[in-house]
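Enquirer: Chain by chain, the residues run as shown.
There are 2 protein chains.
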Amino acid sequence: MKVLVIGGDGFCGWPTSLYLSDQGHDVTIIDNLSRRAIDGELGIESLTPISSMEVRLGAWKELTGKEIGFINLDLATDYEELLNILRDSQPDAVVHFGEQRAAPYSMRSDTTKRYTIDNNVRGTHNLLAAVVETGQNIAIVHLGTMGVYGYGWSGSAPIPEGYLTVKVPTPDGEIDREILHPANPGSVYHLTKTLDQLIFAFYASNDQLRITDLHQGIVWGTQTDQTALDERLINRFDYDGDYGTVLNRFLMQAAIGHPLTVHGTGGQTRAFIHIRDTVRCIEIALTNPPEAGGKVSVFNQVTETYRVRDLAQLISELTGIEIANLPNPRREAAENDLNVSRDRFLALGLNPTTLSEGLLEECRDIANKYRDRADTTKIIARSVWKKGMETSPDLVM
Amino acid sequence: MKVLVIGGDGFCGWPTSLYLSDQGHDVTIIDNLSRRAIDGELGIESLTPISSMEVRLGAWKELTGKEIGFINLDLATDYEELLNILRDSQPDAVVHFGEQRAAPYSMRSDTTKRYTIDNNVRGTHNLLAAVVETGQNIAIVHLGTMGVYGYGWSGSAPIPEGYLTVKVPTPDGEIDREILHPANPGSVYHLTKTLDQLIFAFYASNDQLRITDLHQGIVWGTQTDQTALDERLINRFDYDGDYGTVLNRFLMQAAIGHPLTVHGTGGQTRAFIHIRDTVRCIEIALTNPPEAGGKVSVFNQVTETYRVRDLAQLISELTGIEIANLPNPRREAAENDLNVSRDRFLALGLNPTTLSEGLLEECRDIANKYRDRADTTKIIARSVWKKGMETSPDLVM
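Going line by line, the protein sequences match chains C and E. Under the working numbering, the residues of the first sequence are numbered 1105 to 1501, in order. Under the working numbering, the residues of the second sequence are numbered 1105 to 1501, in order.
Treat each hint with caution, since some may be false.
Copies of the same chain are indistinguishable here, so a pair counts whether it falls within one copy or spans any two.
Stated by the list, open to error - Calculated pairs, DMTMM-like style, for lysine to aspartate or glutamate (alpha carbon to alpha carbon, straight line, at most 20 Å):
(1) Lys1490 x Glu1237
(2) Lys1170 x Asp1182
(3) Lys1490 x Glu1395
(4) Lys1106 x Glu1145
(5) Lys1490 x Asp1311
Hints in this document: simulated from the structure, not taken from any laboratory.
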């Protein structure tokens, strides 16, 4: 299968590109390297020493004999070039990771709010408009987020995979209607994924585009079998207050002896998935596209749910590192339950990697190996959801 | 009340600006004159001879002694300037008409699809981000569209004003949930208004912005008491296949002896409102903003519903002009019923102008007076919803 991976330089995009190439697909990465530029803007580096795209792709070819193409292109602005690429390369599918993906960064300032909206919405829409314009039957797989649903909206019912059947009252009695699960985004970043959903629904209906939207949980872990082959292929590991995700942050904090930073009560329950499962899910989605003329195919891309304070407790017990309860910079429920349907990927053969399978150790080893690269001034989350909300000073000097 | 009217040069924005000024409000128009630029792009002129903004505002001052300010600014791109204006002028409210508003234009090409998405979403989000950034308690009134709901989705129940209470099944029994009415947009233009809704909901919740969203029907008529004062104040009248709306198009076609262009069966039922009521509704919305911290206040801004073929028949009987049934360039249901709740404006004192009140005549007079300005090559609707859909050749040479 010929696949373009937009955002193929990022945390999910890079291991996905390698996995798809390893599985025999013909992969070309499209990326404007914006994630590296934001590292520069924030004065941060990945805990792991990531190589340039040129070195990454050279190493992959040297080790496997497989070639991955690379085109430096900004999806939000370089529309004509995108169109030419689709026409010239005639891909079977496009995987779209090309969005700003950090909730705290999206709330950092009016500049980052605007960048997140403008970049994500324009990029997604440009891709759909271009696919329509080519007239080619290109399947699209997009990385969404569990955050489109919000948390705990539907009472004791599990969060369904995209669609919900509700009863609508009418003068003639109730009627059943299947609706897209109502949107309850918790940040400007999450908001963009809810906008994407409506854009997808329109293009699936008006133009019969074949679109899959994957509502992913919080990714943990760093390496896949492919990125672990050689240090030049290593995946990025974010630990800072904006881009670091909760479990990886705890693992890194434990590795350097920094208190585990729990915001608020830690009563937030979140959905998780290992990066090894992310890449498998993408391939499953690619090989199981919806029919043209049908609705958008939505999967919940999660394998386990945990309460944040329970995760912190688990890691504290494994490592002896204390827990620090800090002010919560987000506007969100202090405590929530979370029950997520995830039947579709399981039915298609996903065999999930769980926290209990010793992978904590592997991940901790990455954090330990590169602990000297940590900048402890970047650990505390300082992007607040509204001006004036409290944050914590640095805990380790 | 100090009010900024974004898009105050357009078909709804201009008469609203005059009406608010006439009512004693302190009005400043913000507009990048994009609607005039699109006239140029399409090789069209308003049937009525609209004056430049300078002439318009000079005439208003000469006739009434009232001053309306004007700032030429692109909401989608001139963010810093917008922020400075909000800080300097300290408005009580902003009325936001600043969006590309024609469904056919939004489907014309990939360029116009992309312009509509980029312009509308970025503009709306810039406004909200700027209001948050100022920290000022500025109310926002936005012009939405009935098209966010789609047509006929909720069975025999009238389309509610924004929100719908549905029953959600759970293992513990059904629970009631109030949701934003599910989005069913029929074009990229309508899609942008559904995206706006989600952006509004987020900012009303996260930042306690006070936002009113007005889901307007199809506007007919041209003049208000204010625009009729002097020809230099005349409102625009669009009759072309992209920007002309159905009833005004019929009136103009009748005036020049052109067959009345009904697409498909004409079985589409649509909601209408006269431009005189539009401007009144805007003032009612301005003077009845929601509380901070509440949800977005949604009104259905419509007064009557008609089936397109019935409207054509009515005008054909009045004028003796025949009806031409043309291919439908839109992807939509051939026939639909439409039942719309519109209690909120009526409760706040709106006394609607109906078709039966002789205003057809006034409107026809405008069409008759300026009939020599018509370009008959611009009447047929040629923007199709998908490539290859059929349209009609010109009916009058």
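Enquirer: In ascending order, which of the hints set out earlier in this document are inconsistent with the structure?
Expert: Hints 2, 4 not satisfied by this model.
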